[in-house]
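S.K.: Okay, here's what each chain looks like letter by letter:
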Amino acid sequence: MHVFEGLEQRIQFMVLEVAKQVDETLRVLISPDEANIEKVTSRDDYIDNFKSVIENACFSRLHGQSHLDKAGIDFIRAVNIISNNLERISDFSVDIARQVQYLSDQRFLDQFEYRPFFRQILGALDIVVRALFHRDLSLALRICRAEFILDKLYKHNFDKIITRLQTGKEAQNLITTLFIFRYLERMGDSLLNIGEAVIFSVVGEKLKINQYQALRDSLDSLGVDLPLREVDFESIWGTRSGCRIGKVSGDNKGDSTGVIFKEGKHKKIFQEKINIHEWETILPGLTPKVFGFQESRGNASILLEFLTGCTFQEIVFNEDKEFFEDAFFLVQETAAMIWQKTLKAQPVPCSFIAQLSKRIEDVFVTHPEFNTPQVQFCNLMIPSTSELLEQLQQVELEVTAPFTVFIHGDYNSNNILYNQKEQRIHYIDVHRSTHGDYVQDVSVFLVSNFRLPIFDRIVRCKLNQVSLHYLHFARQFAQEYHDTTFEIRLALGLIRSFITSTRFELNEEFAGSMFIRGVYLMELVLAHQGRPWEAFRLPDRILRYRYY
Amino acid sequence: MADEKFRHESLQDKESIGKYLNALSDGFLNGKLQFSWKNKRLVLEPQSLIKFDVETKKKDGEVKMVLRFRWEQTPESSMFADGPLVIEAQGKE
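In order, the protein sequences belong to chains A and B.
Here this note's numbering is used: the first residue of the first sequence is 1, the next is one more, and so on.
Here this note's numbering is used: the first residue of the second sequence is 1, the next is one more, and so on.
There's no promise every hint is true.
[To be verified] With a straight-line cut-off of 30 Å between C-alpha atoms, the simulated DSBU-like cross-links for lysine-lysine are:
(1) Lys152/A / Lys57/B
(2) Lys5/B / Lys169/A
(3) Lys160/A / Lys14/B
(4) Lys59/B / Lys155/A
(5) Lys58/B / Lys155/A
The hints are simulated quantities; they were obtained by calculation from the structure and are not laboratory data.
Since the structure is predicted, the reported quantities are computational estimates derived from the model, not experimental observations.
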């Protein structure tokens, strides 16, 4: 990287300056005095200058170094794009600072939620340098994702402003506020360009992320779990770019075996290695073989056997009935075998709602409308989402799982592989495996089928059937092992999975249909209070998708 | 299947409207809402989950309230088996 030392330092400084600029802009909105506004406008020249210097450095490097390879040129292009967009963010900051003077009441903005915009923008700026210099695609995608969240925040505030405008009061203040939010939203567009530039510099191709949805769909179709988890991104982008998956010679016969290379946070990768080892003692061959493991400053990488087969998610779309039935049968057989073999009569507390509470803020960022307030409906008081959660936390304390088994921990239908030739099932992405409540795997599996954004009637019907059958299968296991609180735990697990899944779903209607299922179950559970939890029964129909 | 429609308009007061609401409530509770007119009859049997929206508007002294119930009229027993696929044969002991 020494070749780019000058550039590296400059772009780092520029990112820092722009982050400060955005931070000062936030301060202007909090207390819009002259001194604060002045700080923002004066820093802009300084940042413009940075852009020119970087541009010059980029061009002179392109011309001055004849030995630059494609990767080198790609990097320089990316730096140039990033600096251009950083400069634009700074310009928007100035625009915002200038708008503030049009507010007749300086506290007017307090009625709107502008801080979340700044959290997103500053959070994304914070990882630009790391993403670029560590060639970290997962961070790059996080930067891209900021744009999507900013759009949502903008829409939310836009609607609020339009509604208020209809009252005819405070028009000037409302329009000024709208402009401010519009500039914040445009900062998101610049961040998207920055994220894409980083991806370009790593992958060497222009991968356009026009739409987060499209990105997610393509991730799904490749059989990798929903985004936002580093390891998954690594592997998938590796697959796509061809730079992270290599071929190694298998044995003397010259066969070549695909290997998969994952890199990420040390803790995760290391845990995956340990878990694979444990799985190997439970059911040899269930998980991929570990070919290599390396550690370096906080990060680690692992070289895994590339398992052939289809993910269960792909199989649901397969029209071959027998193929599907064999796979589904084996999925259940394998699960039952593992559960029986690893069962330990050791009660564990239930923690689904605690897990949900940790992630609910992320859900609200993506879907502010789910953060419903308390509602009075005639003489009926309908609790807010937060109140429901609080009450459920109490319920959860009363419920324990009677035994543990070794669970997958992220038992999505795309973490299960089926190899038809060998008639066996494989588990992948096992870094969350642990001795725990099998109901966690059951609920994650059920919702991983439900949440597929596929609305074709035949596929949907198949998904419904898979869910119902799997529920019956798990229920039967619970009965055999005298698990009397299975139903209530499953309800809590489904509440968690339905609601947390919405943070990846941008289709409002579909996300809404999952959210209201979660809320329905919450209300059902709370209505059961006072009676023994053993008597609770989960309604099967909750798993059936309909357009609502 | 042809659409079956029922429509009934009337004028009520705040006491008499209760009869209608109670009738609806009883219908839901018993799982059967019957509407007949002339020689026709429409029977609704809400068994699945019911999506319920309430919308009210107050504008220039005029009030509008829309209660909307949506559900799927498929018998519970066949709820999961309305497609071409049957997977009952395997996986059970």
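S.K.: Please list, smallest to largest, the hint numbers that this structure does not respect.
M.R.: Those not satisfied are hints 2, 3.
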